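Residue numbers (the numbering used here), protein chains in the order written: chain S, 1 to 113; chain R, 1 to 115.
Bear in mind the hints are in silico, worked out from the structure with no lab data behind them. On a predicted model such as this, the values are computed, not experimentally measured, just so you know. Note that the Cβ used here is the ideal one computed from N, Cα and C, for glycine as well. Treat the hints loosely; a few may be bogus.
[Claimed, not checked] Distance windows between CB atoms, simulated:
hint	chain 1	residue 1	chain 2	residue 2	range
1	R	Thr5	S	Ser28	22 to 30 Å
2	S	Gly83	R	Ile12	28 to 36 Å
3	S	Arg17	R	Gly16	44 to 52 Å
[Unchecked claim] Using 20 Å as the maximum straight-line C-alpha spacing, the simulated DMTMM-like pairs for lysine to aspartate or glutamate come out as follows:
hint	chain 1	residue 1	chain 2	residue 2
4	S	Lys54	R	Asp85
5	S	Lys105	R	Glu103
6	S	Lys105	S	Glu15
7	S	Lys56	R	Glu103
8	S	Lys54	S	Asp24
9	S	Lys56	S	Asp24
10	R	Lys13	R	Asp85
11	R	Lys57	S	Asp1
12	S	Lys105	R	Asp85
13	S	Lys105	S	Asp84
[What the hints assert, rightly or not] Incomplete in silico selection of chain S near chain R, CB under 7 Å:
hint	residue
14	Glu42
15	Pro44
16	Lys105
17	Gly106
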Amino acid sequence: DQQVKQNSPSLSVQEGRISILNCDYTNSMFDYFLWYKKYPAEGPTFLISISSIKDKNEDGRFTVFLNKSAKHLSLHIVPSQPGDSAVYFCAASSYSGNTPLVFGKGTRLSVIA
Amino acid sequence: KAGVTQTPRYLIKTRGQQVTLSCSPISGHRSVSWYQQTPGQGLQFLFEYFSETQRNKGNFPGRFSGRQFSNSRSEMNVSTLELGDSALYLCASSRGSGSRGNEQFFGPGTRLTVL
Chain S
1 DQQVKQNSPS LSVQEGRISI LNCDYTNSMF DYFLWYKKYP AEGPTFLISI SSIKDKNEDG
61 RFTVFLNKSA KHLSLHIVPS QPGDSAVYFC AASSYSGNTP LVFGKGTRLS VIA
Chain R
1 KAGVTQTPRY LIKTRGQQVT LSCSPISGHR SVSWYQQTPG QGLQFLFEYF SETQRNKGNF
61 PGRFSGRQFS NSRSEMNVST LELGDSALYL CASSRGSGSR GNEQFFGPGT RLTVL
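Starting from the given sequences, assemble the full structure and let the hints guide the process.
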């Protein structure tokens with residue numbers, strides 16, 4: 001039973017355009033969401049997070065949107081750069097920090113110059 | 001501040017053997033979590049240790065075990081290795097509680113190959 005789903009295994013975007021990565025979750029108890037980026041042969045690195053009291057969080061070129069009623073979040077990267085090419089993982093948990101993060105299977109983003 | 005370190009980085013074992021992986025968290029972090037990553041499966045949660053106690057456990061067989069020491073360093077052990085255990089094993093540390101305690105910082109991983 002996958003509680004966090006990233007339905008697009010891969011995505012290709014041209015440099016300078018917007019990249020939109022999607023994530024759906026099923027567990028209503030989740031109230032904290034994170035995005036991680038992973039390059040080959042490296043561990044994932046934290047990118048951006050959002051708590052359920054917000055519907056948007058922005059950090060430079062990265063913005064995460066949360067739609068609680070749809071149990072859906074998305075990561076927008078604008079403008080996309082070749083260095084953004086990586087696997088992006090969506091993760092969810094409770095804000096208390098006492099439950100483990102549940103990760104999606106990831107979306108491989110390729111930014112084409 | 002030094003990041004999360006994992007040793008060894010690469011390991012080759014044969015079926016039936018056992019293996020121990022080590023993780024040193026970021027200084028001050030009390031929570032260490034272990035994940036298994038295989039192609040197409042994302043990050044599968046193994047277990048989490050907080051202040052030397054296993055706080056959460058994923059859905060893996062008993063061949064997978066771990067522990068945490070008083071300095072927060074953690075080890076993970078896999079006994080009676082199977083071919084399907086070949087994977088990247090990732091360790092992540094976090095403060096483990098409170099505001100933003102869920103932000104986990106990952107090590108580079110240990111690539112285990114079982115022949």
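*Between lysine 56 of chain S and glutamate 103 of chain R, is the straight-line Cα distance small enough, at 20 Å or below?*
holds, 18 Å
*Return holds or violated for the Cβ distance of glycine 83 of chain S and isoleucine 12 of chain R against the range 28 to 36 Å.*
With Cβ atoms ~32 Å apart, the hint holds.
_lysine 105 of chain S paired with glutamate 103 of chain R [C-alpha distance capped at 20 Å]_ = holds, 18 Å
*Would you check whether lysine 105 of chain S satisfies its interface hint, that is, whether its CB is within less than 7 Å of any CB in chain R?*
Interface hint status for lysine 105 of chain S: holds (4 Å vs cutoff 7 Å).
*Per the CB criterion, is glutamate 42 of chain S less than 7 Å away from chain R?*
holds, 6 Å
*Mind checking the alpha carbons of lysine 105 of chain S and aspartate 84 of chain S for me, to see if they're no more than 20 Å apart?*
At roughly 18 Å apart (the allowed maximum being 20 Å), aspartate 84 of chain S and lysine 105 of chain S satisfy the hint.
*Taken at face value, is the distance from the CA of aspartate 85 of chain R to the CA of lysine 105 of chain S at most 20 Å?*
Distance ~18 Å between lysine 105 of chain S and aspartate 85 of chain R Cα, so the pair holds.
*Is 44 to 52 Å right for how far apart the beta carbons of arginine 17 of chain S and glycine 16 of chain R are?*
holds, 51 Å
_Supplied contact hint for glycine 106 of chain S, tested at 7 Å Cβ to chain R_ = Nearest chain R Cβ about 5 Å off; hint holds.
*asked:* lysine 13 of chain R and aspartate 85 of chain R were given as a pair; does the straight-line alpha-carbon distance stay at or below 20 Å?
replied: holds, 10 Å
*Please verify that hint: proline 44 of chain S, Cβ, nearest Cβ of chain R, below 7 Å or not.*
holds, 5 Å
_Distance restraint between lysine 54 of chain S and aspartate 24 of chain S, which requires alpha-carbon spacing of 20 Å or less_ = At roughly 17 Å apart (the allowed maximum being 20 Å), aspartate 24 of chain S and lysine 54 of chain S satisfy the hint.
Hint violations for this structure: numbers 1, 4, 6, all remaining hints satisfied.
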